[in-house]
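Peer 1: Sequence:
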Amino acid sequence: MSVLDEKLIPVYEEVLRRNPGEQEFHQAVHEVLDSLGPVVGKHPEYADAEVIRRICEPERQIIFRVPWVDDQGRVQINRGFRVEFNSSLGPYKGGLRFHPSVYLGIVKFLGFEQIFKNALTGMPIGGGKGGSDFDPKGHSDREVMRFCQSFMTELYRHIGEYTDVPAGDIGVGGREIGYLFGQYKRITNRYESGVLTGKGFTWGGSQVRTEATGYGTVFFVREILATRGEDFADRSVVVSGSGNVAIYAIQKVQQFGGRVIACSDSGGYVVDENGIDLELLREVKEVRRGRLTEYADLRGDKARHINDGSIWSVPCDIALPCATQNELNGRDADTLIKNGCSVVAEGANMPCTPEAVKAFSAAKVAFAPGKAANAGGVATSALEMQQNASRDSWSFEHTQERLADIMRNIHDRCLTTAEEYGVPGNYAAGANISGFTQVADAMLALGVI
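Just so we're aligned: the sequence shown equals residues 148 to 596 in the numbering used here.
Keep in mind that a hint or two might mislead.
Derived SDA-like pairs (lysine to any residue); straight-line CA-CA distance at most 25 Å [said to hold, decoys possible]:
#: 1; residue 1: Lys511; residue 2: Asp381
#: 2; residue 1: Lys505; residue 2: Ala373
#: 3; residue 1: Lys284; residue 2: Pro247
#: 4; residue 1: Lys449; residue 2: Asn473
#: 5; residue 1: Lys449; residue 2: Gly437
#: 6; residue 1: Lys189; residue 2: Arg200
#: 7; residue 1: Lys284; residue 2: Ala373
#: 8; residue 1: Lys511; residue 2: Ser460
#: 9; residue 1: Lys485; residue 2: Val434
#: 10; residue 1: Lys505; residue 2: His173
#: 11; residue 1: Lys284; residue 2: Thr471
#: 12; residue 1: Lys449; residue 2: Lys511
#: 13; residue 1: Lys511; residue 2: Asn476
#: 14; residue 1: Lys511; residue 2: Gln296
#: 15; residue 1: Lys189; residue 2: Ser457
#: 16; residue 1: Lys511; residue 2: Arg549
#: 17; residue 1: Lys485; residue 2: Val512
#: 18; residue 1: Lys189; residue 2: Leu591
#: 19; residue 1: Lys332; residue 2: Gln401
#: 20; residue 1: Lys511; residue 2: Gln533
#: 21; residue 1: Lys284; residue 2: Gln330
#: 22; residue 1: Lys485; residue 2: Asp444
#: 23; residue 1: Lys511; residue 2: Arg406
#: 24; residue 1: Lys511; residue 2: Ser489
I should point out that these hints are in silico values taken from the structure, not numbers from a laboratory.
Model the full assembly from the supplied sequences, consistent with the hints where possible.
Peer 2: This is the structure we're talking about:
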């Protein structure tokens, strides 16, 4: 990791001391602090009021037991989390992740990122995150329902449309949101649509919410290309992952004329030089809940599946890491650079390691961090909240245009802020500084809270 400004070193040391063993959280904090040297020099009031130190400490951390009964009648125990990190701009907003890797450090890293991501959208929402170490994979619908009901039986007392508004993340899709919302409605005896986002369109959800994170990432890349007088036409693109974000990133790239030649899952990756067959991919992953080996088998000699190595060894013009944190390391970055990749945009949360980001910067590869490039999901969640508040619903076309405008504004804010603080063209620094200053100014206005 790079050396921090001397005024920020004590802040980072305190984070390490107060949050031992939470490596992902440490990484996320360091990545933001690394951009703030020019800020504390220009605005000493942030240091004087200890805003930076306060912003690194969650307002509230909730950990709870989630007992549920499986189909064999056995009692299972999982752990639930909700970290309500910062509410200076509005109610806490951020997804729920159900995955075996979830622990407090993961949730805090995600919640910390969410503060700045939400600020960049320009919407009145604060930052939070939650989840559980429960894995929906391999469980029946009834088991997932019982788990979600138990999870919400505790969580409901901490959330509300003016308090904290969860959504989905890894392992939490429409099925899980439905079970969670049903239990919330049952316990509270209120049809409070704005308490959760990512709902089905017929019961309070928003058009484009399912597609929003993937679409938003591609909209952001379109803006990067436009600054160079370029577009997606005939560009080769590699997208890691094959879940919701990856699938809709692939769809939008194809609509813009690009060619996605590879995607991945936990069992390896598939290379399809003629372009991923999106309908077949969706059939395998969304309908059959299958693996990419099935996709390759059904494509025959048009595609090949590789179960070892790295998807980032596939030569491409544009790389979109859309799977999970720290999936693209320094060695992968060097390979992408060597193969001529010119744009990398994070569809997932912090998928690139610090070494990878440093390599992209040195090679002048345009790098869009997740807090900017994948902000489309939470931005559309905020649009869903608007519709819930007004008892309204918007068309797909109108909502998609709102999303495109938001992503364009985020892109422009990143570039303008980077220029203002002496790091022109650095999207990561621009995103961190712009998000931080908006939150810090609100915190100063609200007093020491």
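Peer 1: All the hints need checking, so say for each whether the structure fits it.
Peer 2: Do the hints match the structure? See the list:
1. Lys511 <-> Asp381: Holds, because 22 Å separates the two Cα atoms, which is no more than 25 Å.
2. Lys505 <-> Ala373: holds (24 Å)
3. Lys284 <-> Pro247: Holds. Lys284 to Pro247 sits at ~10 Å (cutoff 25 Å).
4. Lys449 <-> Asn473: violated (30 Å)
5. Lys449 <-> Gly437: Within the cut-off at roughly 19 Å; holds.
6. Lys189 <-> Arg200: Holds, at roughly 17 Å.
7. Lys284 <-> Ala373: Cα-Cα ~40 Å, so violated.
8. Lys511 <-> Ser460: holds (19 Å)
9. Lys485 <-> Val434: violated (37 Å)
10. Lys505 <-> His173: holds (17 Å)
11. Lys284 <-> Thr471: Cα-Cα ~16 Å, so holds.
12. Lys449 <-> Lys511: Roughly 34 Å between the alpha carbons, so the hint for Lys449 and Lys511 is violated.
13. Lys511 <-> Asn476: holds (17 Å)
14. Lys511 <-> Gln296: It is violated: about 49 Å lies between the C-alpha atoms, which goes past 25 Å.
15. Lys189 <-> Ser457: At roughly 42 Å apart (the allowed maximum being 25 Å), Ser457 and Lys189 break the hint.
16. Lys511 <-> Arg549: violated (31 Å)
17. Lys485 <-> Val512: Answer holds: Lys485 to Val512 is near 11 Å, not above 25 Å.
18. Lys189 <-> Leu591: Holds, because 16 Å separates the two Cα atoms, which is no more than 25 Å.
19. Lys332 <-> Gln401: It is violated: about 39 Å lies between the C-alpha atoms, which goes past 25 Å.
20. Lys511 <-> Gln533: Violated: Lys511 and Gln533 sit about 39 Å apart, past 25 Å.
21. Lys284 <-> Gln330: With a Cα-Cα distance of about 21 Å, the restraint between Lys284 and Gln330 holds, given a limit of 25 Å.
22. Lys485 <-> Asp444: Given that 25 Å is the threshold and the Cα spacing comes to 31 Å, the pair is violated.
23. Lys511 <-> Arg406: holds (23 Å)
24. Lys511 <-> Ser489: Within the cut-off at roughly 8 Å; holds.
Going through the hint list in order, the structure does not satisfy hints 4, 7, 9, 12, 14, 15, 16, 19, 20, 22.
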